[in-house]
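S.K.: The chain contents come next:
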Amino acid sequence: MSSMVLELNYVLFFIGITLTTIGAIFDVIASIGLLRFPEFYVRLHAATIGSIGGAVVPIIGVAILALSCTFLGPQRFFIFGCSIVIAMIIFFVAPVGSHAIARAAYRSRTVVPKYVVHDELRRVRG
Amino acid sequence: MGFSIETFLMNYVLYFIVPCFLISMTLYLIRLIKGPTIPDMVLATACIAYDACFFMCMLSIYFRNAYLILAAFCLALWAFILDLYVAKYLEARELGE
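First to last, the protein sequences are chains A and B.
Take 952 as the starting number for the first sequence in this note's numbering and just add one per residue.
Take 41 as the starting number for the second sequence in this note's numbering and just add one per residue.
Some hints could be false.
To give an idea of the interface, some chain A residues facing chain B are shown, with a C-beta separation under 8 Å as derived from the structure [what the hints assert, rightly or not]:
(1) L995
(2) A1017
(3) C1020
(4) G1048
(5) I1052
(6) S1059
(7) V1062
(8) E1071
(9) R1076
Hint data in this document are derived by calculation from the structure and do not stem from the laboratory.
Note that CB positions come from ideal geometry on N, CA and C, so glycine has one too.
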């Protein structure tokens, strides 16, 4: 029985390590994109990669990782629950925030789109 | 068995997670300082806040202290509030009322 629990810990550990590694790589890619992309509306793409791929995925990884860490004692269930809740908060909140900021930037004409081929919204709204 | 979860995790955090996040936070910070417009700066700030959120979750395992994770809640919600306030200010040129 105890060896089975030990093996389950190893399985959880490697799932968590994989998700965290994917998240860290996504985050580096997103930061390079945010720095190199030419315009605000293109950078928005990199920023949402950084928030979903670079935060939600690795926080779920941390939650699974925490379950396997027996050296934490009963604290590991607390870390698991909090991490899942934080991941859900970011998952729902990050797209809303980036959509709001893009809408405000477009409508207030703070950022005028340069690389757009056809702007139907500008034609309709005037 | 020769493999210990604890030792591997400590080395993994120290030699992989910390460098990756230092690199990405530095690049976000460059965009935050350079950013030609206000929305660019807000995007970079939100990304830094979400990163710090994940980093704090990881550190709560690293330092074996579960209470560190409570600060991550505030960070996640703070970035969202910053987005909404700046969006409202840009569009309506006023806050509240």
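S.K.: Compare the structure with each hint and give your call.
M.R.: To see whether the hints hold, each was checked on the structure:
1. L995: Check passed: Cβ of L995 of chain A comes within 7 Å of chain B, closer than 8 Å.
2. A1017: holds, 6 Å
3. C1020: holds, 6 Å
4. G1048: holds, 3 Å
5. I1052: Holds, because the Cβ-Cβ distance from I1052 of chain A to chain B comes to roughly 5 Å (cut-off 8 Å).
6. S1059: Check passed: Cβ of S1059 of chain A comes within 5 Å of chain B, closer than 8 Å.
7. V1062: holds, 5 Å
8. E1071: Violated - the Cβ of E1071 of chain A stays beyond 8 Å from chain B, reaching only about 20 Å at its closest.
9. R1076: Result: violated, 13 Å to nearest chain B Cβ.
The structure does not agree with the numbered hints 8, 9 stated previously, though it agrees with the rest.
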